[in-house]
Each structure stands twice: as C-alpha cells, then as structure tokens.
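Below, each chain spelled out in residue letters.
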Amino acid sequence: DQQVKQNSPSLSVQEGRISILNCDYTNSMFDYFLWYKKYPAEGPTFLISISSIKDKNEDGRFTVFLNKSAKHLSLHIVPSQPGDSAVYFCAASTGTASKLTFGTGTRLQVTL
Amino acid sequence: ETGVTQTPRHLVMGMTNKKSLKCEQHLGHNAMYWYKQSAKKPLELMFVYNFKEQTENNSVPSRFSPECPNSSHLFLHLHTLQPEDSALYLCASSQEPYNSPLHFGNGTRLTVT
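Chains as they are written, first to last, in this note's numbering: chain P, 128 to 239; chain Z, 926 to 1038.
Please keep in mind that the hints were generated in silico from the structure rather than gathered at the bench. Among the clues, some could well be false.
Claimed, not checked - Straight-line Cα separation of at most 30 Å, DSSO-like style, residue types lysine-lysine; simulated pairs:
{"#": "1", "chain 1": "Z", "residue 1": "Lys966", "chain 2": "Z", "residue 2": "Lys944"}
{"#": "2", "chain 1": "P", "residue 1": "Lys195", "chain 2": "Z", "residue 2": "Lys947"}
{"#": "3", "chain 1": "P", "residue 1": "Lys226", "chain 2": "P", "residue 2": "Lys181"}
{"#": "4", "chain 1": "Z", "residue 1": "Lys977", "chain 2": "P", "residue 2": "Lys183"}
{"#": "5", "chain 1": "Z", "residue 1": "Lys944", "chain 2": "P", "residue 2": "Lys226"}
{"#": "6", "chain 1": "P", "residue 1": "Lys198", "chain 2": "Z", "residue 2": "Lys944"}
{"#": "7", "chain 1": "P", "residue 1": "Lys183", "chain 2": "P", "residue 2": "Lys198"}
{"#": "8", "chain 1": "P", "residue 1": "Lys195", "chain 2": "P", "residue 2": "Lys181"}
{"#": "9", "chain 1": "Z", "residue 1": "Lys943", "chain 2": "Z", "residue 2": "Lys977"}
{"#": "10", "chain 1": "P", "residue 1": "Lys226", "chain 2": "P", "residue 2": "Lys195"}
{"#": "11", "chain 1": "P", "residue 1": "Lys226", "chain 2": "P", "residue 2": "Lys198"}
{"#": "12", "chain 1": "Z", "residue 1": "Lys966", "chain 2": "P", "residue 2": "Lys198"}
{"#": "13", "chain 1": "Z", "residue 1": "Lys965", "chain 2": "P", "residue 2": "Lys198"}
{"#": "14", "chain 1": "P", "residue 1": "Lys195", "chain 2": "P", "residue 2": "Lys183"}
{"#": "15", "chain 1": "Z", "residue 1": "Lys977", "chain 2": "P", "residue 2": "Lys226"}
{"#": "16", "chain 1": "Z", "residue 1": "Lys977", "chain 2": "P", "residue 2": "Lys195"}
{"#": "17", "chain 1": "Z", "residue 1": "Lys965", "chain 2": "Z", "residue 2": "Lys944"}
{"#": "18", "chain 1": "P", "residue 1": "Lys132", "chain 2": "P", "residue 2": "Lys181"}
{"#": "19", "chain 1": "Z", "residue 1": "Lys947", "chain 2": "Z", "residue 2": "Lys977"}
{"#": "20", "chain 1": "P", "residue 1": "Lys183", "chain 2": "Z", "residue 2": "Lys965"}
{"#": "21", "chain 1": "P", "residue 1": "Lys226", "chain 2": "P", "residue 2": "Lys132"}
{"#": "22", "chain 1": "Z", "residue 1": "Lys965", "chain 2": "Z", "residue 2": "Lys947"}
{"#": "23", "chain 1": "Z", "residue 1": "Lys943", "chain 2": "P", "residue 2": "Lys132"}
{"#": "24", "chain 1": "Z", "residue 1": "Lys943", "chain 2": "P", "residue 2": "Lys183"}
{"#": "25", "chain 1": "Z", "residue 1": "Lys977", "chain 2": "Z", "residue 2": "Lys944"}
{"#": "26", "chain 1": "P", "residue 1": "Lys226", "chain 2": "P", "residue 2": "Lys183"}
{"#": "27", "chain 1": "P", "residue 1": "Lys198", "chain 2": "P", "residue 2": "Lys181"}
{"#": "28", "chain 1": "Z", "residue 1": "Lys977", "chain 2": "Z", "residue 2": "Lys966"}
{"#": "29", "chain 1": "Z", "residue 1": "Lys943", "chain 2": "Z", "residue 2": "Lys965"}
{"#": "30", "chain 1": "P", "residue 1": "Lys226", "chain 2": "Z", "residue 2": "Lys966"}
{"#": "31", "chain 1": "P", "residue 1": "Lys183", "chain 2": "P", "residue 2": "Lys132"}
{"#": "32", "chain 1": "P", "residue 1": "Lys198", "chain 2": "P", "residue 2": "Lys132"}
{"#": "33", "chain 1": "P", "residue 1": "Lys195", "chain 2": "P", "residue 2": "Lys132"}
{"#": "34", "chain 1": "Z", "residue 1": "Lys966", "chain 2": "Z", "residue 2": "Lys943"}
{"#": "35", "chain 1": "Z", "residue 1": "Lys966", "chain 2": "Z", "residue 2": "Lys947"}
{"#": "36", "chain 1": "Z", "residue 1": "Lys944", "chain 2": "P", "residue 2": "Lys132"}
Claimed, not checked - Where chain Z lies over chain P, by a calculated footprint (3+ residues, C-beta under 8 Å):
{"#": "37", "stretch": "148-157"}
{"#": "38", "stretch": "184-198"}
{"#": "39", "stretch": "210-217"}
Ideal Cβ positions, reconstructed from N, Cα and C, are used throughout, including at glycine.
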C-alpha cells in the first residue's frame, strides 16, 4: 500500500508559466515533507521541505504548500525554466530521515 | 571530493558473480542508507546505518549484504543475484537525529544477466 502518491507521472509546462506538482499521502503521522529533483544519471537532490506546523514554505522560485486536512502537498515553480525539466519526488517522514517514504515521481518537462 | 560518491557507476554481473558497491560521504554525517530504485516504483529503503550500527533492514533478501566500517563508508556486497535485482542502487547520508534531508550519491546502475 503506497503511503505517498504522485498520481501524475508526467507534466508539460511552457517556459515562464507556473508548474504545479501534486502529492497525496495517507499516513496522518507524517510530520515532515520534502521534494527532491532528479536529473537522468544523477542521484536525487534535495529541493525544499516543510514541517507539519507550517502550511507554506518558499525558497526563491519554489514554494511548497501543505494541506494537512486533505493530506495533500504541492510544489509550485514560478516561473518555470527549461533547466527545471527533471523528475520530482515527493517524500514524507514521521520524524527522521531514516523513515522517509517516497512517491513514484512526476516527470516535468518545461518547453520553450 | 564533496558530497556522496558511489562506485562503480555501472555494473553488469552474472547471477553467480560476487561484486560490491561502494559509497563514501564527505559531509560529516552520522547516518548512511542504501536505496533501490526500480522502474516505475518508489525509492525503496533497503538498509540504514546510524553511527555504524545497522538500524533498519527492510526485509531485504540475504543475497544483499551491507557493511559499514566507519561513518564515512558504506558497502553493499552482492552475491547470487536475480535478474529482477537489476535497478539503480542509491546511497545516501544524513545527520541524525535531526530532520535533515538525505544527500544522495549518483547511484550504481546494476544489470544482472
């Protein structure tokens, strides 16, 4: 049973527009959420995180929103750039990195 | 060298071979991990080492044998693997017990023939 779900396997967005990647989770004990970005032939790199005591965290062009009642997480990228084209993984944990549960990823393609 | 380094980047092995994957972290972290990434599946946690002690073994078959000689190095010894073990094997490190993000290496692409 997948506790972290990314229901869109792929997303295509025009350069300059907003990219919205979504993630749903089922375990209400999750209290720390992260987004990772992965380019081909490289390992995932940490992008942004949010703790369950917040509902929004911003870092430059990247904003993560957390809706605890809906058990839903989203990553907004504004404006999208071609270099943002990658696979994005959502992950959640119950307190430590050793308990991270990952989603299956969403492949974002930013077109010119 | 900085970050998390994995060698080799690619490995092809037969089902009767024995090989090892190596991981080294230069971040001063105290926890190291092995993850498996198969096509269209989430990253699966295999093993966790905290201060060189194994704290997690996610029901991984015994044909995978981890070794953590110190907090900077992690190995995954492989023997009598199956073709379905072909995957990307990722090493990661973090500073525990804080909620710090995992830092991943670039992985070893393993093909079992």
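Hint by hint, here is what the structure shows:
no.: 1; hint: Lys966/Z <-> Lys944/Z; in the structure: holds (24 Å)
no.: 2; hint: Lys195/P <-> Lys947/Z; in the structure: violated (39 Å)
no.: 3; hint: Lys226/P <-> Lys181/P; in the structure: holds (20 Å)
no.: 4; hint: Lys977/Z <-> Lys183/P; in the structure: violated (36 Å)
no.: 5; hint: Lys944/Z <-> Lys226/P; in the structure: holds (28 Å)
no.: 6; hint: Lys198/P <-> Lys944/Z; in the structure: violated (42 Å)
no.: 7; hint: Lys183/P <-> Lys198/P; in the structure: holds (14 Å)
no.: 8; hint: Lys195/P <-> Lys181/P; in the structure: holds (10 Å)
no.: 9; hint: Lys943/Z <-> Lys977/Z; in the structure: holds (23 Å)
no.: 10; hint: Lys226/P <-> Lys195/P; in the structure: holds (19 Å)
no.: 11; hint: Lys226/P <-> Lys198/P; in the structure: holds (18 Å)
no.: 12; hint: Lys966/Z <-> Lys198/P; in the structure: holds (21 Å)
no.: 13; hint: Lys965/Z <-> Lys198/P; in the structure: holds (23 Å)
no.: 14; hint: Lys195/P <-> Lys183/P; in the structure: holds (11 Å)
no.: 15; hint: Lys977/Z <-> Lys226/P; in the structure: holds (17 Å)
no.: 16; hint: Lys977/Z <-> Lys195/P; in the structure: violated (35 Å)
no.: 17; hint: Lys965/Z <-> Lys944/Z; in the structure: holds (26 Å)
no.: 18; hint: Lys132/P <-> Lys181/P; in the structure: holds (21 Å)
no.: 19; hint: Lys947/Z <-> Lys977/Z; in the structure: holds (15 Å)
no.: 20; hint: Lys183/P <-> Lys965/Z; in the structure: holds (29 Å)
no.: 21; hint: Lys226/P <-> Lys132/P; in the structure: holds (16 Å)
no.: 22; hint: Lys965/Z <-> Lys947/Z; in the structure: holds (25 Å)
no.: 23; hint: Lys943/Z <-> Lys132/P; in the structure: violated (36 Å)
no.: 24; hint: Lys943/Z <-> Lys183/P; in the structure: violated (48 Å)
no.: 25; hint: Lys977/Z <-> Lys944/Z; in the structure: holds (21 Å)
no.: 26; hint: Lys226/P <-> Lys183/P; in the structure: holds (22 Å)
no.: 27; hint: Lys198/P <-> Lys181/P; in the structure: holds (13 Å)
no.: 28; hint: Lys977/Z <-> Lys966/Z; in the structure: holds (28 Å)
no.: 29; hint: Lys943/Z <-> Lys965/Z; in the structure: holds (27 Å)
no.: 30; hint: Lys226/P <-> Lys966/Z; in the structure: holds (17 Å)
no.: 31; hint: Lys183/P <-> Lys132/P; in the structure: holds (20 Å)
no.: 32; hint: Lys198/P <-> Lys132/P; in the structure: holds (11 Å)
no.: 33; hint: Lys195/P <-> Lys132/P; in the structure: holds (15 Å)
no.: 34; hint: Lys966/Z <-> Lys943/Z; in the structure: holds (26 Å)
no.: 35; hint: Lys966/Z <-> Lys947/Z; in the structure: holds (23 Å)
no.: 36; hint: Lys944/Z <-> Lys132/P; in the structure: violated (34 Å)
no.: 37; hint: 148-157; in the structure: violated (count 0)
no.: 38; hint: 184-198; in the structure: violated (count 0)
no.: 39; hint: 210-217; in the structure: violated (count 1)
Figure legend: structure checked against the earlier numbered hints; hints not met, in rising order: 2, 4, 6, 16, 23, 24, 36, 37, 38, 39.
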